[in-house]
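Visitor: Next come the chains, spelled out residue by residue.
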Amino acid sequence: MTSSSLALRLQTRRSLLRHPLVERYAPVVTMVLALMVIWYIAAVAMNWNLVRDGFEREETPYTTTHVLAGTMSAERPLLPAPHQIVSTFVDGVFGYPPLAPRSLVYHSLVTLSATLIGFAFGAIFGTLLALMIVHSRVLERSLLPWIICSQMVPIVALAPIFIVVLGAIGLTGLLPKSLISAYLCFFPVTIGMVKGFTSPDPLQLELMQTWSATPRQVLFKLRWPSAVPYLFASLKVAITISLIGAIVAELPTGAEAGIGARLLAGSYYGQTIQLWAALVAAAVLSSGLIGIVSLIERGVNRRMGAH
Amino acid sequence: MDPRKLRLGLVFAAVAIALAFVLPLAAGEPSLRMRPTAWPEVAMAGLLFLVAAWFADGRATVPGLVGVVLAAASSLLLLRDTGIAGSAAAGFWAIVTAVWLASAMSVVSLAAMRPIRANRRRALNLLVPLLFGAIVFYLWEVAVRGFGVPPVLMPAPSAAASRFMTSLPTLGADFFQTFVKGVLAGYVIGCGAGLLVAILAHRFEFLGRGLLPLGNFFSALPLVGIAPIMVMWFGFDWPSKAAVVALVTFFPMLVNALAGLSASGHIERDLMRSYAANYSQSLTKLYLPAALPFIFNALKINATLALIGAIVAEFFGTPTQGIGFRISTEAGRMAIDMVWAEIALAALAGMAFYGLVTLAERATTFWHPSYRT
Numbered sequence: 001m002t003s004s005s006l007a008l009r010l011q012t013r014r015s016l017l018r019h020p021l022v023e024r025y026a027p028v029v030t031m032v033l034a035l036m037v038i039w040y041i042a043a044v045a046m047n048w049n050l051v052r053d054g055f056e057r058e059e060t061p062y063t064t065t066h067v068l069a070g071t072m073s074a075e076r077p078l079l080p081a082p083h084q085i086v087s088t089f090v091d092g093v094f095g096y097p098p099l100a101p102r103s104l105v106y107h108s109l110v111t112l113s114a115t116l117i118g119f120a121f122g123a124i125f126g127t128l129l130a131l132m133i134v135h136s137r138v139l140e141r142s143l144l145p146w147i148i149c150s151q152m153v154p155i156v157a158l159a160p161i162f163i164v165v166l167g168a169i170g171l172t173g174l175l176p177k178s179l180i181s182a183y184l185c186f187f188p189v190t191i192g193m194v195k196g197f198t199s200p201d202p203l204q205l206e207l208m209q210t211w212s213a214t215p216r217q218v219l220f221k222l223r224w225p226s227a228v229p230y231l232f233a234s235l236k237v238a239i240t241i242s243l244i245g246a247i248v249a250e251l252p253t254g255a256e257a258g259i260g261a262r263l264l265a266g267s268y269y270g271q272t273i274q275l276w277a278a279l280v281a282a283a284v285l286s287s288g289l290i291g292i293v294s295l296i297e298r299g300v301n302r303r304m305g306a307h
Numbered sequence: 308m309d310p311r312k313l314r315l316g317l318v319f320a321a322v323a324i325a326l327a328f329v330l331p332l333a334a335g336e337p338s339l340r341m342r343p344t345a346w347p348e349v350a351m352a353g354l355l356f357l358v359a360a361w362f363a364d365g366r367a368t369v370p371g372l373v374g375v376v377l378a379a380a381s382s383l384l385l386l387r388d389t390g391i392a393g394s395a396a397a398g399f400w401a402i403v404t405a406v407w408l409a410s411a412m413s414v415v416s417l418a419a420m421r422p423i424r425a426n427r428r429r430a431l432n433l434l435v436p437l438l439f440g441a442i443v444f445y446l447w448e449v450a451v452r453g454f455g456v457p458p459v460l461m462p463a464p465s466a467a468a469s470r471f472m473t474s475l476p477t478l479g480a481d482f483f484q485t486f487v488k489g490v491l492a493g494y495v496i497g498c499g500a501g502l503l504v505a506i507l508a509h510r511f512e513f514l515g516r517g518l519l520p521l522g523n524f525f526s527a528l529p530l531v532g533i534a535p536i537m538v539m540w541f542g543f544d545w546p547s548k549a550a551v552v553a554l555v556t557f558f559p560m561l562v563n564a565l566a567g568l569s570a571s572g573h574i575e576r577d578l579m580r581s582y583a584a585n586y587s588q589s590l591t592k593l594y595l596p597a598a599l600p601f602i603f604n605a606l607k608i609n610a611t612l613a614l615i616g617a618i619v620a621e622f623f624g625t626p627t628q629g630i631g632f633r634i635s636t637e638a639g640r641m642a643i644d645m646v647w648a649e650i651a652l653a654a655l656a657g658m659a660f661y662g663l664v665t666l667a668e669r670a671t672t673f674w675h676p677s678y679r680t
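So the protein lines, in turn, are chains A and B. For reference, each letter of the first sequence is one residue, going 1 to 307 in the numbering used here. For reference, each letter of the second sequence is one residue, going 308 to 680 in the numbering used here.
Just chain B, with the same shape it has in the complex (with noise of 0.2 Å):
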């Protein structure tokens, strides 16, 4: 990051902070100076930018980042005059403002470093998104609030947070049914049959000449259309649910499983055969291991599709429970609120899910070049 550019930012953040204690922070509103609560916090945002801009390079990082975490912390204590809130004037986004470029500076900052210890580099890799992430919620919340936009449109986050918080058993309970029973009975039947099938179209290969085409075919096809159908076979519980996450998982799986138990070479395959090993033994010891990366590709791709699957499934009938149940009825009942925390718990959820198979493959597949580098 070019120094003259970091400081012209923060230079510019530091206007922006003078700008609030001049203009009105919303009409007809005391202004930032007669706010002995606000003003301190404020100015002293301020001055941490120009501190920064001082530096305008790494030690820029710190009294920048401390500066952000005041401004926007006083500017979310402002919101809650309801005076400000919903009619937020100039001064106001002034902070805002500052707040945003300042933390744009900071972040870019941190990204162009390049710690040489390795845990420093793992927790700088962290870092940036996070504060990226913080950055985005932060803003959401402000322009929500300040704007005064119905919450029947758009909840603020904490909104949102506040409501998963209280409405914890219900969420508890829609996870239960869609994901524990649902999604996990699902995966596993589907990935299970899927690698299933693959050994035997592996093992035999006219099987395989004959399915792979097949399962191209309908890897490609919009399966969850499938649904319906389910529903109507195995009722409104979670086994139709089930159902149609292993129909969604097994042909990816099948595709993967079976380019990657044809991954291994010739000569690791010539090598089992001098050493007179049966199928089964090359399978356990050479097939199977070196279809790992591919099989955990699939699973990988499956743990996103499981959900979706499943959620759709419960948009033609459930029990009175499940995600995909809760978010439609709370949608019909304008409570979007909850709607957003239903929508969080899933993202949690996938987030966890994905993030499980991808521990796994690093501990089953740490031989594979793509982590040896």
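Chain A on its own, in the form it takes in the complex (with noise of 0.2 Å):
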């Protein structure tokens, strides 16, 4: 009793390194970690040229340590710093109030409702086509060729004419950007639901039949249900594709609003760090959707009775 007991925790000391947690983390914090110190030497190597003409053009004399401090402060620097970045983020979320225009939660904001209506209409809009097409042979071979084609039409380059022409028939504001990012996320909702639909076993179907079920009976006791799985993983491609559509709306329409405004407004006046921290902010807007729907699918697995 004693000897195993005294042997187990001996393992256990030993194989700190094999503890599940630091097996599961420790590659991953060691590759941020690695990115951090690679974004830092990055740093001071773009910035000192910018850093060291700084000191010479103002003619004050200067030492190594002296640019290599400017490198980490520079006011608008080719690559900012990460320190830097972080503190203009967290001054942008809460410094402001949530509603002024320099808020970048504000901004987060409008891209935000763009994107959630642009991808409740591109879902909803691509389980529709998906029920068609499953549905009808003709619709499957006569308008999948010409969904998939619609997906090599860059729609960014569609999004400032489509700016004018909503704007000329008098729709501006939120409208033109969701209807762009609902084109832009209905596609992978069709595709995997297409898929989901026609997953059910040829014998499955058959035992419907033999219940003598009605259509609608195998769709939403069969085909619904096993369409679920593929319904989430099509999901959490659309919404990351639905941001990605309303940020490229904001850029050719010239929006005041928006973190694509956000990040146009930086690039016009060269302020970086600004730039980035729009960036982490679209960067934080995207983990969190995602988070969610894999929130509301293991909620919805539950439900189902998936462990």
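Accuracy of the hints is not assured; some may be wrong.
BS3-like mimics (lysine-lysine), calculated; alpha carbons at most 25 Å apart, straight line [unchecked claim]:
hint : chain 1 : residue 1 : chain 2 : residue 2
1    : B       : 592       : B       : 607
2    : B       : 488       : A       : 195
3    : A       : 236       : A       : 195
4    : B       : 488       : B       : 607
5    : A       : 236       : B       : 607
6    : A       : 221       : A       : 195
Quick list of the computed label-pair ranges, beta carbon to beta carbon [what the hints assert, rightly or not]:
hint : chain 1 : residue 1 : chain 2 : residue 2 : range
7    : B       : 457       : A       : 212       : 51 to 59 Å
8    : A       : 125       : B       : 344       : 53 to 61 Å
9    : A       : 301       : B       : 587       : 52 to 60 Å
What the simulated footprint calls covered on chain A by chain B, stretch by stretch (three residues with Cβ under 8 Å from a Cβ of chain B suffice, anywhere in the stretch; the number is not a length) [stated by the list, open to error]:
hint : stretch
10   : 84-93
11   : 102-111
12   : 261-273
13   : 276-290
The set of hints was computed from the structure by calculation and includes no laboratory data. Note that CB positions come from ideal geometry on N, CA and C, so glycine has one too.
Combine the two chains into a complex, taking the hints into account.
Guide: Dropping the structure here:
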């Protein structure tokens, strides 16, 4: 008894490196740290000349440490150091009231609303299209090739005329942006749901037939439940694409609010730190959205009896 | 397809043709009966629809389609009359309705066919979507010209096509700038680097387990947002576009190739072990071939992403060339037909690119179950 417990403890101590938590997170943490180190080195290297020229222009005497410190806190660096980006991001989120035009929360909300509306349109439209395609051979053969072709059209190229056309009939603001999002994100949903609706076994379909189930019963009792995993997989892809669509749609329109507008302004005025902070906001937004979809997926799976 | 429904649809088409003879084509214009150049074709089309309705089975397709072509051609000819274009009335729309009904019926009966010979089946698989697309373009053209939609809002496809033809040199230069220089260079760099890093991550497990979550995270980010930074770093010309494209294509390739490299089965790996194969031998003879379907999946995803990335990067600054640049300037000048010509160019380039990747996939992964059915 004692010897075995002793042995066990010894083993655990020896294998701290083998601890499941360490095993799981050590590689990721190492990679992130390595990335940070590379980033700092790159920031020093890329901003070096900029800072040194600044000192020389002002004809102040400087040493290497001065330049080194300067690369970490330059006002318009080529590559801002991570801590600068983080502090600007935190300042943008918490430093202003949420609806002030300088607040990142405000811009994120503008983009988020377009994203969510477009995502809802796209997901519903994509599912309906998949339903039609699954139930009609004609549509499968005539429509599906065009749906695939429609994704070859770089929609972002369409964004400016979309805005012009919709603006001419009096539609401005959220709707054009969300339409572009919807156009971008219906495709993964359609393709995924066609796969999902056709995923039941022929055996199961035949069983439904022996029970003389109507097409609607087959849909709701067999096809729909077996398509749910495919639905969530494609929704996760769709929501990021929808966010990209909303951001891109804000670029050519010269919108004054939204993450895309923030990017454009940052690039026009050379405000690199602000630009990176907007990128971080986009990253936070997209991973948050995916997280929400995954949470819903887990809940639905639990309701459906999966563990 | 139920023959009764087919017959009903075709009879309705013939009735619509008959209505076109009675109703006015446009207010204050001579009706269809007064036009000796137009009415024989339309009447012929109506008769053909009746013949097709008589058959109401596979034989209905040919007379139905010939009738569709006749009626569509005469409606387009009628639109050349300045009295009709822009103020078309019920008689004209009756012809269009007939065309739409009869062509829908023909497509339906075509799609229901199941030819036994493989090459005929392939031709049919090509013909059905092409017909569908032709109808959509016809309806677009007729709607724009019949209702007189201002060209600033929505040009007719024929206007965009003629603009495409007359400005080939400009389009060629734009294509070269955006596609050959920006997209291809970035695509090759991004996909190549992604594959290389994936191989490294597969070789060294620690690296792989660290990179996979990061890769998944980054491939879900709106990476095109990096475009303004790249323009700042690499200047206005094509290197900045190539950099954006490389960055956008890198992560999908990394994630997919990593999944593909570990897709080979235990038995195959044990076999390589028993042959005493070293890593490079197993890589070229087992891991990479087994990863090919995954790699091609990434190449296909990247084909679309690359074009989008390059065009977005052009919104942030270009030399006076390129698809994205042309689109934004011409949209500003309200030359919408030129914009549509550029979009057609981008779509054609994208489809050709995608098609080439698919052809390469068929040639190299013919052994995969999904192609052997």
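Visitor: Look at each hint and say if it fits the structure.
Guide: Hint-by-hint comparison with the structure:
1. Under the criterion of a C-alpha separation no larger than 25 Å, the hint pairing residue 592 of chain B with residue 607 of chain B is consistent with the structure, at around 23 Å.
2. For the proposed pair residue 488 of chain B and residue 195 of chain A, the alpha carbon gap of about 37 Å is over 25 Å, so the pair is violated.
3. Restraint check: the Cα-Cα separation between residue 236 of chain A and residue 195 of chain A comes to about 16 Å, which is no more than 25 Å; the hinted pair holds.
4. Note on residue 488 of chain B and residue 607 of chain B: the hinted pairing holds, with a Cα-Cα distance of about 19 Å set against a maximum of 25 Å.
5. Of the supplied pair hints, the one linking residue 236 of chain A and residue 607 of chain B holds, its CA atoms being roughly 19 Å apart against a limit of 25 Å.
6. A threshold of 25 Å between alpha carbons decides the hint, and for residue 221 of chain A with residue 195 of chain A the separation of about 17 Å falls inside it, so the pair holds.
7. Against the hinted window of 51 to 59 Å, the Cβ-Cβ separation of residue 457 of chain B and residue 212 of chain A comes to about 56 Å, which satisfies the hint.
8. In this structure the supplied range 53 to 61 Å is violated for residue 125 of chain A paired with residue 344 of chain B, their Cβ-Cβ distance being about 43 Å.
9. Residue 301 of chain A and residue 587 of chain B have their C-beta atoms about 42 Å apart, which leaves the hinted 52 to 60 Å range violated.
10. Using a Cβ-Cβ cut-off of 8 Å, 0 residues of the stretch 84-93 of chain A lie near chain B, which falls short of the minimum of three, so the contact claim is violated.
11. Counting residues of the stretch 102-111 of chain A whose beta carbon lies closer than 8 Å to any beta carbon of chain B gives 0, which falls short of the minimum of three for the stated coverage.
12. Note: the stretch 261-273 of chain A has 6 residues with beta-carbon separation from chain B under 8 Å; the three-residue rule is met and the coverage holds.
13. Under a criterion of three residues with beta carbons nearer than 8 Å to beta carbons of chain B, the stated coverage of the stretch 276-290 of chain A is upheld, 8 such residues being counted.
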